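Take the given structure of chain A and dock chain B to it, following the hints.
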Amino acid sequence: MIFTLKIWRQKNASDNGGLVTYKVDDISPDSSFFEMLDSLNQQLIARGEDPVAFDHDCREGICGTCSLYINGRPHGPLKGTTTCQLHMRSFRNGETIFVEPWRCGAFPVVKDLIVDRSAFDRIIQAGGYVSVNSGGIPDANTLPVPKPAADAAFDAAACIGCGACVASCPNASAMLFVAAKVSHLALLPQGRVEAERRVQNMVATMDSLGFGGCSNTYACEAECPKEITIANIARMNREFLAAKLFAEKEKQVSFSL
Amino acid sequence: MINLNAGSPRVPLAEQWSSYKAGCKLVNPNNKRKLDIIVVGTGLAGASAAATLGQLGYNVKSFCYQDTPRRAHSIAAQGGINAAKNYQNDGDNIFRLFYDTIKGGDYRARESNVYRLASISPDIIDLCVAQGVPFAREYGGLLANRSFGGTQVSRTFYARGQTGQQLLIGAYSALSRQIAEGTVRLYNRRDVLDIVVIDGKARGIIARNLVTGEIERHSAHAVVLASGGYGNVFYLSTNAMGSNVTPAWSAYKKGALFANPCFTQIHPTCIPVHGEFQSKLTLMSESLRNDGRIWVPAEKADAEKLRKREITPEQVHESKRDYYLERRYPAFGNLVPRDVASRAAKERCDAGYGVGSTGLAVYLDFGDAIKRLGVEAISARYGNLFQMYEQITADNPYKTPMMIYPAVHYTMGGLWVDYELMTNVPGLFAIGECNFSDHGANRLGASALMQGLADGYFVLPYTISGYLSNEIHTPQIQTTLPEFHTAVREVGDRLAKLKNTGGKQSVDHFHKQLGKIMWEYCGMSRNEAGLQTAIGLISDLKEEFASDVRIPGGLKEYNPELEKAWRVQDFIELGDLMVRDALQRKESCGGHFREEYQTSDGEALRNDDGFSFVGAWEYKGGSAPELHKEELRFEAVKPSQRSYK
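Here the protein sequences line up with chains A and B, keeping their order. Residues 0 to 256 (our numbering) are what the first sequence spells out, left to right. Residues 67 to 711 (our numbering) are what the second sequence spells out, left to right.
With the rest of the complex left out, here is chain B:
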């Protein structure tokens, strides 16, 4: 059994981070430039970390699969970023942000990490504004805020519906400055396919140059993974087409524990699926729920007619509409957290009240808001989102209600890390969405951007120095060491094997199959029998993939099918781990809803006595993975049943 000790400072919560910083070991500037750090990924976490480490004088190598760091998928985040600035004087403070995040995560996150996140949040806004991020402002010239996704204060900073884009451009510009100064070297269009561990420490990576197909070795004194989430295991998700689990999965196979893989977030407001050919799902920002009202017909007959397009939604009389979130959760109404809103939509659709041609959609209606505020005000708030919706669906949301349905959006699970954001493999760090640490079983809106930037700009630069202060006598790691040879050989063998499978089916065929299994049995709600079925189906799919995949093109050239094949193979293995994790967690919490564990009125039933732990899985080669537990202790907040009623 691996001893999972977070190593949080043993002082009261509010003093932990300052106490840590006061005692943290530093590296002398002359030594910093002799130390190499690899950062994998250039989203908010990766770009901010690489830029900051470069500013500090370390020798940084930054990797991304995209053609430029500015395209990492953080760019697609719409709604905003939380910070406990209390600019609105509405009762916000660090403790409240901490409390909301712990509660929103359904008491499955680690207190010490979350408190640090909340306490750092104001610094992020200061830095981003100094970088030139054009946040929304009031006419007085000060920053504007809005209330967002399940909180009762207005602490969300935003840049229209493109907050992620603007924050990422800020981080990318900081990174570009370091590239120009020579402290960061960029390796774009690279897939990181393996982590090299030498004498128990992470010492490098194996990357594939996507343009030439060349297999490259890169060494470092520490490796930082910022490779994002694994939502694409579901095939259809709001993630980018290239988002993948591969760097994190190779870390898992090299001994890093993978924590809470079953905690995935299904976002309530996405454009519904419309056909078999569909390749991805598009999110409509949660901010829409501030003014939009969610409803389905109160009578099945109306739902039936709407599905057949015999009537339009406007023809359903007010008294025959069921605003089910307002009905079930009067205190929070349409602003309940994501997991609650998603499940409620599924419940109505499963009960036969869904609309749209598939019956898998609910209305998000701006009629009342337009009456109250006027078209102009609504357009100023959501214009770009309405336009995006119309481009995709050919419906005009100013005239007719939007149709939405939940879709996979974010993954709370990820590599297990301690207080220093280091995995159990020394020298291997994980930041941003690719770790598990801050969101428990459900992430609140506008918290992902906060975590990515907190980790990269303000946490990792301190915590990594503690590790590197013991590495100053280690000379540059040679890539001719036997561990590099072995890793290169293994990567080469796997690529060749994929290429030479000589089967009949495309990679997408398998990816779609996997997505269907995961969505059906390990999606918005799960049960024992379904999960057992999924294990069998995934195992069959894995075998089928190994014998029947067809990959055209060569190894030493630009070959997108080969890239996808590697990623999908990893996703199939991850799918199995997610299902196992969902099976062992015999409770409902956050995004993980086990049908066997619910209250009489259909709400999630958590089991704090049995499951107040982080479930961290250890890779065991051919045999079943082993579960390790980090017990969660709540000192500042007492776990209670989440109620939004």
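Just chain A, same shape as in the assembly:
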């Protein structure tokens, strides 16, 4: 197969960057999107040019390192699929493919197609955990967890932190990412203890990092490679509201003491 590629090239964070056109041929339909880019890079190296930098690691759809808008869509045309799991048989022979990095103020470009997503780490550090130490834990079966709750928690916990939700959102909102973590832990009894504090701290951190608000376009759900649902956002909003109300009540209790 042959393709024309229009790839975003940008030397570093301060460079302006722009689209550059490349041609690739002799691409097997069974090769993955990244194997196609590998073959482009081999050409560029042979010509003494700088290869295209892109983020990738496991190449099996689970580490969340890969990103890319492909023809304007995060992770390309297939539903529920990361870029690394996309194969060239999903494209027409001779097609022109646009390849760009995530566009979001909170994810600055590092080089070419690579962006800095450490804002996600900061959000998790604000409360995306259960505060237990490695020791003194009761037997795992002491606390039964209803299977539906455990399954729903798993569905939310399947988030790979790739940032497609932010990239797909016209407001560059991180609501789906944050909601997935809030839901995962709020659905389990182990996570309930800190649920109120967690949701407030994580939302406050998200707001402080320059992500936009949610206006219910559902684009995040449509593009999430792990098909995390926006029901999680509803759950987070409920948790957030309850936490705020609860926090008010707590204040009154402490005043009355």
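Rather than coming from a laboratory, the hints here were simulated on the basis of the structure. Predicted, not measured: the structure shown is a model, and the values here were computed from it. A hint or two may mislead.
[What the hints assert, rightly or not] Computed cross-link-like contacts, BS3-like style, restricted to lysine-lysine with a CA-CA straight-line distance of at most 25 Å:
#: 1; chain 1: B; residue 1: Lys371; chain 2: B; residue 2: Lys465
#: 2; chain 1: A; residue 1: Lys10; chain 2: B; residue 2: Lys622
#: 3; chain 1: B; residue 1: Lys100; chain 2: B; residue 2: Lys87
#: 4; chain 1: B; residue 1: Lys565; chain 2: A; residue 2: Lys10
[Said to hold, decoys possible] Residues from chain B shown here face chain A by an in silico Cβ test under 8 Å; the list is partial:
#: 5; residue: Asp133
#: 6; residue: Gly206
#: 7; residue: Arg243
#: 8; residue: Gly308
#: 9; residue: Gly619
#: 10; residue: Tyr685
Ideal Cβ positions, reconstructed from N, Cα and C, are used throughout, including at glycine.
For chain B alone, coordinates are given in the frame of chain A:
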């Protein structure tokens, strides 16, 4: 000759760990915060260690090459994690898990470490559940288990086909909590290129900031390597693209011994290679073997037609199929350990019965399971794996059998460590896949996650305190010391030399060549002549690389080709060591199958009199490496020929 003493407590096996903990020296909380620890890697072992050491109050610096710790390759582990909980009341206990692990490792692991691993396993599950890891549960709300990879009890805990992901997110969240509390400082997008040794002790590292290209010095009172395995020496493997041996290799070059490098695991159920352009292989969880049946045609003519796509697998009549694992190993059938299953697949394909366009594939068939249990039940168990398979191959495994073939997956060898998980370089520890200690010559399924978390959460935090209790009078190590200057200069020189080679070939070109040599001569089966050939080929490749590699871009910028070049150069050297190790081990055991040493029916022939030892190699600069031996003593288990018949 270096005296390799594991230093296991001299009490009966079952009492060793409690006896160790009772006598282990501790560090006062006020002193802990004055002690710096570097942890390299943020997979299950590294993240759990850094988090736990941070909780204890040490001053921890955590390094990873990824953009965030949550992406370390532990995340890709699918099947599950073993623990001797005996929740199923099916006869499991700590001794049995210990026994299975020792036997599965073909009697080439150290009893004391493995027993400790088994005894700690239940605590891991408790902790992970408390962290919010959403393991599979029964309708009664209690945890579910499954039988996994070569065991007869159901002791594997799992989170659909994404157990590694969920456990890593647990460890990453614990790590994130410590980062927020300030006890751990994270250095992401860093390659650790050298270990700094001062007065015989590990005192720091040299790292390269992958974004800016800056060379950084970091000091500590102890250095912990949790940098994973070296499967990418084969180019094609199930490892992540960035997985590398570099931190462990730099430790080796600074005097740490590298043990059993030839023990590599070839996993039986991977998607077959389909072309020259291929960059990595994808594992299909071993759990599939619980319901899938493995077969090839019983007649070569059918195999030929299948390869040419003249017939479909459904058209091969039941009576003309060879379910070779069920035939050869009736007791374990499709659930034989990985090394046995892999070799059996290779044997059939080499004999001309392989399928797929290359003839290097066998069928994993769910037809019977779907008839027995229904599509829905199979989809609930393996839905995500089937979907992954279809995305990659465009075949639907609900309708037609999967095609699988063995691929490099895990490396049992690694840095030699004692009972305290310390290498022979004082202050340098190695945990998880990057050490050699627990899996002998073959790792059982669902044991890697167990080992990574056992080392990080529960073993290292105790054993490192014994070492650090003698370091409380050592002030913070200065990075202006001459050893740091020398290390920075050496790293800078090597980078500049790589960059200025000015050759014609890309790094990938050399990596592919190396992979072919290793797979051909040091892969699923090995022989004297092939290994001798490999030594020559690797030596040629090393020279060619030094003179003909081309690296575009600069030193002081984001430069993925430069990163790869350093890693591949290390892999080429490691390849040589693996081949030497495979040559000296004149026996077949676990993942190491020497063609000269097999029984009349083609099973591995171990030699306990001659080779019941850990082979640990010492770097000797320009001359050949020197082999040291740690004799293995079996007190609780008597080595016998592994039989799965």
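Right, here's what the structure says about each hint:
{"no.": "1", "hint": "B:Lys371 <-> B:Lys465", "verdict": "holds (19 Å)"}
{"no.": "2", "hint": "A:Lys10 <-> B:Lys622", "verdict": "holds (12 Å)"}
{"no.": "3", "hint": "B:Lys100 <-> B:Lys87", "verdict": "holds (23 Å)"}
{"no.": "4", "hint": "B:Lys565 <-> A:Lys10", "verdict": "holds (18 Å)"}
{"no.": "5", "hint": "Asp133", "verdict": "holds (6 Å)"}
{"no.": "6", "hint": "Gly206", "verdict": "holds (6 Å)"}
{"no.": "7", "hint": "Arg243", "verdict": "holds (5 Å)"}
{"no.": "8", "hint": "Gly308", "verdict": "holds (5 Å)"}
{"no.": "9", "hint": "Gly619", "verdict": "holds (5 Å)"}
{"no.": "10", "hint": "Tyr685", "verdict": "violated (29 Å)"}
In this structure, the one hint that does not hold is number 10.
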